[in-house]
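Undergrad: Chains as they are written, first to last, in full-length UniProt numbering: chain D, 1 to 687; chain L, 1 to 687.
None of these hints come from the bench; they were simulated from the model. Quick caveat: nothing in here was measured; it's all calculated off a predicted structure. Even glycine gets a Cβ: it sits at the ideal position worked out from N, Cα and C.
Just a few of them, taken from the derived set where beta-carbon distance is under 10 Å, the chain D residues facing chain L:
1) D172
2) D242
3) H427
4) Q552
5) D683
Number of protein chains: 2
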Amino acid sequence: MSAVRRLLLIENHLSSKFPNTPQEKGLENFRKLETKVNHNILAKHYFDYFYEAILYTRKIFDESPLFNHEESLGSSIEDYRGKIVEQLKCIYSKFHMSYEKDLANPLYKCSPIYAMTEYDQSLSTRMLVHIILYTDTIQNLGTEKHRELIDRAYALKDYGSFGMTELGHGSDVGRLETTAIYNPKTGGFTLNSPTATSAKWWIGAIANTANMSIIFARLIIDNVDKGIQAFAVPIRNYETHDTLSGVVLGDCGKKISHDGIDNGFILFKNYEIKYDCLLDKLSQIKNGKFKSSIKNKEKRLGIMMGSLIRGRFCVVSGSEINTRSCLTIAIRYGALRKQFGNPNEESILSYQTHNCRLVTGLAKTVAMRCASKVIGDMYKAVKPISDVNPECDELNEFHSVLSSLKCVCSWYGIAISQECREACGGHGVSKYSSLGRHRGYVDVHATWEGDNTVLAQQTSKYILKILQKSFKGQKFIAPTLNFLNIDFQEVKTFKSLFTSRKEFENEKCIISLFEHRVNFLTHTSVMKLQESSMKYSDMTTAWNNSQIFYIQDLSKSFAELIMAREFIKLSDNIYKDCKETGIIIKKLFYLYSADRILDSISLYLESAFTHVQEKIIKETFIKTAAELTPASLHIVDALSASDKILGSVIGSSDGQAYTRMIDAVESELKCYYKPKWLHLIKDIRGS
Amino acid sequence: MSAVRRLLLIENHLSSKFPNTPQEKGLENFRKLETKVNHNILAKHYFDYFYEAILYTRKIFDESPLFNHEESLGSSIEDYRGKIVEQLKCIYSKFHMSYEKDLANPLYKCSPIYAMTEYDQSLSTRMLVHIILYTDTIQNLGTEKHRELIDRAYALKDYGSFGMTELGHGSDVGRLETTAIYNPKTGGFTLNSPTATSAKWWIGAIANTANMSIIFARLIIDNVDKGIQAFAVPIRNYETHDTLSGVVLGDCGKKISHDGIDNGFILFKNYEIKYDCLLDKLSQIKNGKFKSSIKNKEKRLGIMMGSLIRGRFCVVSGSEINTRSCLTIAIRYGALRKQFGNPNEESILSYQTHNCRLVTGLAKTVAMRCASKVIGDMYKAVKPISDVNPECDELNEFHSVLSSLKCVCSWYGIAISQECREACGGHGVSKYSSLGRHRGYVDVHATWEGDNTVLAQQTSKYILKILQKSFKGQKFIAPTLNFLNIDFQEVKTFKSLFTSRKEFENEKCIISLFEHRVNFLTHTSVMKLQESSMKYSDMTTAWNNSQIFYIQDLSKSFAELIMAREFIKLSDNIYKDCKETGIIIKKLFYLYSADRILDSISLYLESAFTHVQEKIIKETFIKTAAELTPASLHIVDALSASDKILGSVIGSSDGQAYTRMIDAVESELKCYYKPKWLHLIKDIRGS
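Turn these sequences into a full structure, and let the hints steer you where they fit.
TA: Now the structure itself:
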């Protein structure tokens, strides 16, 4: 906080024009309604392998004056970005990252990013772009000679960016337009942006910060297009930070979120780079001839995009974190805010219309954290295998799990953050609530690191391939799909036999329902595809016309099954340490399941259950949301960072929403103030 | 545009660092796929009684340099607000409003607001707060002596605001804390804000502009609370614009949208006002005694909030307008943006995943316009009746229709604007797309002019009362509910008999399905209420616990029936003038209906139709969306304002999205620029 601002704040406190308010007791009283949640045990299990990093990083944020939301809110975009560079340095210096540590623990790099997202996703994304998108690409696609670049990246000697997307192409990476023409004389390449749409666009760290960038470009040898390759390219002078000759770098301008990221564009004009800029693990040029260990261009491109794996992991985590922040705010506000009721006003959170929104959102958030856990665990297992064989089954399976979870979690986040904004009414519109910031952060998750509708198709394609292989009796490694049933007759006649809430609230019963949905959609998607293939001349068109109600839903149903399984594991683990907390998390799982099953109600009504059973699930949903309402406050309390990190006046843990709102408003320089255009008012009123 | 900016733009054009791009033909080519939409006929019927005002106002926006989104985007909040005052004056001077005109045509005042929202909802809301919320309150609740205030308002001699909401109370108006203590000696009142939470909060025009405000306050006579009354109160000196002594006015600070509105707070400290400030049509004080023609406090409060009627009307319209702008942008962008396809790249709009999102959104938007039409027509009919008898049946019915439409339309808008943002991918995140602005504008609609979940209950309460009356054989006037069936057995066994898409695509068939849903939910809500009332001690608790799956859905189903009916009328009217355009709008109606019926699929599967019929509706949905895709571009073209008014680089009618994006980005002063914190980069990289 600047000295001027601090003084102003003190002055305002002393000279506030508002009547004194007694301490608000609403939140405190609501907390007393429930005491069964063991905050520590819950947090430990919830954050799991990120637990230590979270505690460590939260401490830094809490203690260092570098981190201050109020200040960021008041500063210009330029200053905000500058501050983030300082913050990055601070965090970076505490984590001592290195290639060796990364090799030893594939999640090591992700933990500061996870923890930083709690404070500000603009900040964590800046780290992610450099240490994951940029560095992972070199690690994945480079060779021994690129080792120096990797070390420089970890030492932050280079600050890297990731030049994949162009103005004209995002999802369709195969059609990028930037060219890298091989020069047989020098053995190097010439980079060019032949069209305006070929400008690399939205590239994080380009406008101001990066001196290096990965560039995905179309390799041309002897006028023959060899497909997309990745290059690690210097873009700014290491000493002066001036843009290098032949390169144009600019700022992508105003955005609706992520002001802290200096997204920019890159143009190349006959920019000469050396051969060694080519990340040549998969493909090389020898004696002027192109060679690749992966012949299939599409497959090769898929592998080349491997650096997006941890990027997508961070998207899933980021969705969970921002959504959790929104819910922390909305649930606390819902507990302290009172409206209606007779004779006493009631917390709005106690109304069915309110808790069905928010407590369900909380259940989904825990499911999102479970998604992260699955990805983390799978990644740790898959990485060593795929490092040896990038075409292994395990990686394909992992990719399909990751893609579907990325879609579902980002869409959950978008919906829940909006619910939270609405649940906080007008005060949710105030920037001091910070809901707008978090909503803006999750919003982009549907788009970056792969558009959701495109990613969903990759998962479904994988599941359908596995089914096809099963039909043919082929073996494959896909433990996540071991329940796939090739007998559609059996699937179509599946019946769930629960007859009461108690029988429904049973892990086996619920998992069988989640599995049934995947099976059902797998088979109906196949049938739909067969039907479409009769109608359209080519398989691509047939595929594109079998999306809605089928292929898109299949991917989602698979993701939710994965999350449900992990949710059970989480609740079991917590139960072992604290029975009462475990029971609450199990209830949260039932709520999640009821909500998700009702979301596909017509599918289930085809065979799996009856309208009577539907009503049991609806009752479960409503009752569980109500029963969990007091606990929901403890759950967000247990998982939330400090008020300083959360930075929301209406969501602070002390429940002093109104006083804090007044403080924030009165601290603005323009709170009590006449605008310079007063004459215009007189003018309009004289008219 | 400032001279500096203009020069910069020209300079950028000349010195652009981007390669020249040939004219993009994507949008133009897409337009050629369909030619059957008669733009003029469609626009005329669509805008209906707003048609003239729209054309008139669009011309002003197009011709006056006062209106310029690019400039607003670049200016400070203070300058933006000042510009809006100038814009207000400009529009105001063209519409020559007066009390007489308002009496002659209840929609007259709404037309400039409708038209202004197309340009900028911050602008139109500023008009709305003054000429509707402020002025209508005086018109509705004032008496002959307040006539002068009304005339001053229309002449813009006074600029008014509407002080209802407080920091601590929004929906629960009955619990507002501001007090107005009657002083028997002077015959006047003393206004006080006894607590911090009693500060009037979020009040539009308070921070800078208004000199008058309606104040809702608790009237105290002789220490007895007489309930909430409305007062018209001066808050700033008419000449100097200084805040009057005893009044505190301030700015509510930073918001996530609506920067153009100077929302503020009001505090009173022993502020003395005259008796005549009381708007005393319904309640008076005579000889120190309180009298009211409406004895029931709750009923009285309801009538006092009558000025929100036209406010809610504008919310419905505003949702439609902003959503339409989003779709104009997303559909045009979807047509010109190409990705994937073999051998030629295809417009992303031609993919099922894309057109099912956007064309359905368009169908909903037309339904939203139909909602406005219904409200407009009903209001014209109801106003003269309710002016005489504010407790008339017609007003109650109108209120129930309006409340439900406000909820549904705002929620449609929120969902569709988000779909549009996602459909435009990364470029939807750019402020130059303007999607963020529109999304921000619809977002608040769920909250202001009455929280959606609260309003929905008012509609359902009305419907259930009507059913109750029917049970008792009582007569009532509610033409919108003439289909209510008191026989639940009959409702429960209703069967729809369509066996093909063709049979489904029939207005009678569809309306019977919409009506069935209302009937079904009416009865199941009654049953749920009965069940709840056995469980809970009081009816309020029973009511609150019968919301989800019942009372909330009932209101929504009613709104969608109303919209569906009007949609048919609209398509019939267009059909009369142009058969081909009419057929397209009818198809849009089928798409809307299919989508909405699928939204309640489990209800329908209980009796109304089978899974086989469900599949027919799903096929209808997918096929209709695909068939309407080429027409969708013409529909948005026909209805959209000019590129200048729309202000979106990716949604402009010429389809030059990329060139315009580049222009916008290069026109920023900080496009090619080194930040002042360059040393921090060197610092971090040295670390």
